[in-house]
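Protein chains in written order, with the numbering used here: chain G, 1 to 534; chain F, 1 to 340.
Please keep in mind that the hints were generated in silico from the structure rather than gathered at the bench. Just so you know, even glycine gets a beta-carbon here, dropped at the ideal spot from N, CA and C. Treat each hint with caution, since some may be false.
Said to hold, decoys possible - Some chain G residues judged to face chain F by a derived CB distance under 10 Å, without partners named:
#1 L332
#2 R423
#3 D426
#4 A433
#5 G437
#6 S439
#7 P440
#8 V447
#9 P450
#10 L451
Claimed, not checked - Going by beta-carbon spacing under 7 Å, a handful of chain F positions derived as facing chain G:
#11 F81
#12 A94
#13 F98
As the list claims (entries may be wrong) - Listing some non-contacts, in silico: residues in chain F with all C-beta distances to chain G over 10 Å:
#14 G136
#15 P150
#16 V299
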Amino acid sequence: MAVPVAFFVVFFAYPVAAIVRRGLHTDGAWHLGRIADVLGDSGIRHVLWFTTWQALASTALTLLIALPGAYVFARFDFPGRQVLRAVVTVPFVLPTVVAGTAFLALLGRGGLLDELWGVRLDTTVWAILLAHVFFNYAVVVRTVGGLWAQLDPRQEEAARTLGATPLTAWRTVTLPALAPAVAAAALMVFLFTFTSFGVVQILGGPAYSTLEVEIYRQTSELFDLSTAAVLTLVQFVCVGAILAVHAWTVRRRETALKLVDAAGTARRPRGAGQWTLLGAVLVSVAVLLVLPLTVLVQRSLTAPDFGYYRALTNADGGTFLVAPLHAVGASLSYAAAATAIAVVVGALAAAALARRDAGRIVRGFDALLMLPLGVSAVTVGFGFLIALDEPPLDLRQSWILVPLAQALVGVPFVVRTMLPVLRAVDVRLRQAAAVLGASPWRVWREVDLPLVRRALLVSAGFAFAVSLGEFGATVFIARPDNPTLPVAVARLLSRPGDLNYGQAMALSTILMVVCAVALLVLEKLRGAEKTGEL
Amino acid sequence: MTLLTLQAASVRLGGRTVLDAVDLAVAEHETVCVLGPSGSGKSTLLRTVAGLQPLDGGRVLLDGRDQAGVPVHRREVGLMFQDHQLFPQRDVAANVAFGLRMRGTAKAERDVRVKELLELVGLPGAGARSVAALSGGEQQRVALARALAPRPRLLMLDEPLGQLDRSLRERLVVELRELFARLGTTVLAVTHDQGEAFALADRVVVMRQGRIAQTGTPLQVWQRPADAFVARFLGFENVVEARVDGQRAHTPWGTVPVPEDSPQGPCSLLVRPAGVRLVPAGEGLRCTVAARTFKGTHVTVHLQPDDAPRLEAACVLRAAPETGDEVGVEFDPSEVVVLG
Numbered sequence: 001m002a003v004p005v006a007f008f009v010v011f012f013a014y015p016v017a018a019i020v021r022r023g024l025h026t027d028g029a030w031h032l033g034r035i036a037d038v039l040g041d042s043g044i045r046h047v048l049w050f051t052t053w054q055a056l057a058s059t060a061l062t063l064l065i066a067l068p069g070a071y072v073f074a075r076f077d078f079p080g081r082q083v084l085r086a087v088v089t090v091p092f093v094l095p096t097v098v099a100g101t102a103f104l105a106l107l108g109r110g111g112l113l114d115e116l117w118g119v120r121l122d123t124t125v126w127a128i129l130l131a132h133v134f135f136n137y138a139v140v141v142r143t144v145g146g147l148w149a150q151l152d153p154r155q156e157e158a159a160r161t162l163g164a165t166p167l168t169a170w171r172t173v174t175l176p177a178l179a180p181a182v183a184a185a186a187l188m189v190f191l192f193t194f195t196s197f198g199v200v201q202i203l204g205g206p207a208y209s210t211l212e213v214e215i216y217r218q219t220s221e222l223f224d225l226s227t228a229a230v231l232t233l234v235q236f237v238c239v240g241a242i243l244a245v246h247a248w249t250v251r252r253r254e255t256a257l258k259l260v261d262a263a264g265t266a267r268r269p270r271g272a273g274q275w276t277l278l279g280a281v282l283v284s285v286a287v288l289l290v291l292p293l294t295v296l297v298q299r300s301l302t303a304p305d306f307g308y309y310r311a312l313t314n315a316d317g318g319t320f321l322v323a324p325l326h327a328v329g330a331s332l333s334y335a336a337a338a339t340a341i342a343v344v345v346g347a348l349a350a351a352a353l354a355r356r357d358a359g360r361i362v363r364g365f366d367a368l369l370m371l372p373l374g375v376s377a378v379t380v381g382f383g384f385l386i387a388l389d390e391p392p393l394d395l396r397q398s399w400i401l402v403p404l405a406q407a408l409v410g411v412p413f414v415v416r417t418m419l420p421v422l423r424a425v426d427v428r429l430r431q432a433a434a435v436l437g438a439s440p441w442r443v444w445r446e447v448d449l450p451l452v453r454r455a456l457l458v459s460a461g462f463a464f465a466v467s468l469g470e471f472g473a474t475v476f477i478a479r480p481d482n483p484t485l486p487v488a489v490a491r492l493l494s495r496p497g498d499l500n501y502g503q504a505m506a507l508s509t510i511l512m513v514v515c516a517v518a519l520l521v522l523e524k525l526r527g528a529e530k531t532g533e534l
Numbered sequence: 001m002t003l004l005t006l007q008a009a010s011v012r013l014g015g016r017t018v019l020d021a022v023d024l025a026v027a028e029h030e031t032v033c034v035l036g037p038s039g040s041g042k043s044t045l046l047r048t049v050a051g052l053q054p055l056d057g058g059r060v061l062l063d064g065r066d067q068a069g070v071p072v073h074r075r076e077v078g079l080m081f082q083d084h085q086l087f088p089q090r091d092v093a094a095n096v097a098f099g100l101r102m103r104g105t106a107k108a109e110r111d112v113r114v115k116e117l118l119e120l121v122g123l124p125g126a127g128a129r130s131v132a133a134l135s136g137g138e139q140q141r142v143a144l145a146r147a148l149a150p151r152p153r154l155l156m157l158d159e160p161l162g163q164l165d166r167s168l169r170e171r172l173v174v175e176l177r178e179l180f181a182r183l184g185t186t187v188l189a190v191t192h193d194q195g196e197a198f199a200l201a202d203r204v205v206v207m208r209q210g211r212i213a214q215t216g217t218p219l220q221v222w223q224r225p226a227d228a229f230v231a232r233f234l235g236f237e238n239v240v241e242a243r244v245d246g247q248r249a250h251t252p253w254g255t256v257p258v259p260e261d262s263p264q265g266p267c268s269l270l271v272r273p274a275g276v277r278l279v280p281a282g283e284g285l286r287c288t289v290a291a292r293t294f295k296g297t298h299v300t301v302h303l304q305p306d307d308a309p310r311l312e313a314a315c316v317l318r319a320a321p322e323t324g325d326e327v328g329v330e331f332d333p334s335e336v337v338v339l340g
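With the rest of the complex left out, here is chain G (with noise of 0.2 Å):
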């Protein structure tokens, strides 16, 4: 407890307090009527109600459309289930720049539909909402139909025999069991979304902001450090409240399950109506997350004898101080520590968090450790920057300081990971080891460690993708001569040319498939280990 409990004082808590104090405490003094006056705003009350109802509707449309997806990817077994799989993942990874300027190249103007109908989205918010789901797909999928997997099929044709319709069957048996898992889901997705940046930044034009956007536009444009500070305390009040209520109604939920291998859970479909859901969600997957991919890969192809990529390798753009392709490793060692450092502090908190006489103080860190996936990325990476550049903590020099603020990123992914898993594990079970020798250490390795590697092993996927496509707080603390890949991106489509346009295409496909290869050695570990065991 006492790691995580640290790690999180010093690498979150003291950068906001130290951005906090920059807003609020000028001249000597205290100002806390700007909260006031920021709030009296409209434009200010205008963002807020659009960061809130864009939020909500993306969260229910991602759900609408990634519940079926997790069901077919957890229950059905059909060839291409686990590079699919691992597909439906990389958008997740994906830096929001570059996701947006997919969708701007399928739906903006001379997008794909601009050419082939005439149709352009980019001015509305149906860009953003699909983008939001291109984005938040894999979060559901991996998150509900993780849990799903494991479920017993028996106890649906218990509930079956017992006279149940298949639909009532799931209803009052399966859902409730998923329950945590979708709410887990449901909250990360709206957490995302309410925190949106680079998608709302490029699709959303002047016309729809959202309080991210305006932090990041108070601080980089208008230099009103005051107002982005109040910003910062607004959305730390309304995700603090919302991850409490979450806390709450998922400690009510969450009970014992009984889980079972994963490998032995999936059938192939019978039956037109499987058949025909199968082909729903491919077809969905297919369109709302490859074809914008496909759109990006094509765009980064159009210079002939791949002169984008030939590019990439010269440090002669000026862009950089080194060949851009020289972030590949860069972001690929920043990502490896990271994730070790996110897995090491998340699997702590969340075996802390798991013990069922975990008091309330406890378990009100849980709700804590959240809060970095709330406040925004940016406030992250500008508190990373004005606190840990001076004593007591100067960093400035370590390279340590990105997988830092990555992992901070990460720790909630792996702690949400983890946490039902541990907490499905019988207690009893923990109580036969300790009687038979074990102390509370070897308990965790010999009997917690094997029922959850999987989950870790999820868990450490994904804070490695999180940590690879994080954008927001890397982009300030980066260092020019070794950027990340998601930061050299942003910097070559910030610059005018269809060169540098055209390198950005290219530079974001290459991650596209750093991301898909690791994701898919993690799918073949998983793989391994499964026969491994049998």
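Using the hints, position chain F against chain G.
Frame of chain G; chain F shown alone:
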């Protein structure tokens, strides 16, 4: 030599007293069975000895040493859980070897011990099997082997046979008794099944609402239940309030003869079914046969007197009256017990 001692052990859970100043001693090589209905605190008793449940009062001593502050994994007691709690991700051998590994036993020695134990519990060569593929009886045997492997000072069994079917249960009770006698294991078991307790135990402890209601050999408890609760819990139905006056007791069934030297005054009275003798209608207490249940060796006849509690009588099949028959009842003083 006393191995386990409980002194005024008390546990309160959520405002309810689950163990109320329990005193208990278990001698080395002794098998003690705690018998009681669900909620009587018998499982909590085991958990306090294992260290899984902290005491609110009193002491637990093993080999004369107070166990306060000794964590679960250092107590060196074995506990077999009601539903076995085998580790699902390990095979049979790894489950049995678990306790040995925790104590740092060398691999070669572990393998020998696992093989030995699997033979002991009648599952030779099952080491590589997955625990998920085991039947209920096999799981029980593996759980037993796992608990015995580290040679615990005290083996505790929580409803050891609770989930098994009847014939298997009866066979396993005999096996367990022989096994414990051969190994000289000290055993503390809890069960709600009196048949199981009587078959397994050297000494039976009957519990009621966190207190010990009676302690004794199975024969003592069976012959002289301490009170009406114990008598009813053992399955006796013919228990009424009565008043003893000399060698007779006044009961709702009329006057019942009691053994010599019975305590005088108000009491509870037990008439064992064998002591209810059927006589022709018109003699003794007049009853109607309400029901009869076939018990294999005899028939239990449920008799309804005109205005008194029902009586159970045991009689041979040939002599058993039909349902609805009118009969008379007399009582045999040797089968009548005056309870405390």
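Going through the hints against the structure:
Below 10 Å, beta-carbon pairs count as interface contacts, and G:L332 has none with chain F, the closest being about 32 Å; its hint is therefore violated. Violation of the interface hint for G:R423 is found here, the shortest Cβ-Cβ separation to chain F being roughly 17 Å, above the 10 Å cut-off. Using the Cβ-Cβ criterion of 10 Å, the hint placing G:D426 at the interface with chain F is satisfied: the shortest such distance is roughly 7 Å. Given hint, G:A433 at the interface with chain F, holds; its Cβ is 7 Å from that chain's nearest Cβ, closer than 10 Å.
Annotation: G:G437 was flagged as interfacial toward chain F, and the flag holds, the nearest CB pair being 4 Å apart, inside 10 Å. With 10 Å as the threshold, the beta carbon of G:S439 comes within range of chain F, its nearest partner Cβ sitting at about 5 Å, so the hint holds. Among the interface hints, the one on G:P440 holds; its C-beta lies about 8 Å from the nearest C-beta in chain F, closer than the 10 Å criterion. Against a cut-off of 10 Å between C-beta atoms, the interface hint on G:V447 holds, since the closest Cβ of chain F lies about 7 Å away.
Interface restraint check for G:P450: the shortest CB-CB distance to chain F comes to about 4 Å, inside 10 Å, so the restraint holds. Given hint, G:L451 at the interface with chain F, holds; its Cβ is 6 Å from that chain's nearest Cβ, closer than 10 Å. At its closest, the beta carbon of F:F81 sits 6 Å from a beta carbon of chain G; the interface hint therefore holds under the 7 Å criterion. Of the supplied interface hints, the one on F:A94 is violated, with its beta-carbon coming no nearer than about 10 Å to a beta-carbon of chain G, more than 7 Å.
Interface hint at F:F98: satisfied, since its Cβ lies 5 Å from the closest Cβ of chain G, which is below the 7 Å cut-off. Once the 10 Å rule is applied to beta carbons, F:G136 is consistent with being away from chain G; the minimum gap is 17 Å. Distance to chain G contradicts F:P150 as a non-interface residue, since its nearest Cβ pair spans about 6 Å, not more than 10 Å. For F:V299, the condition that its CB be more than 10 Å from all CB atoms of chain G holds, with the nearest at approximately 38 Å.
Going through the hint list in order, the structure does not satisfy hints 1, 2, 12 and 15.
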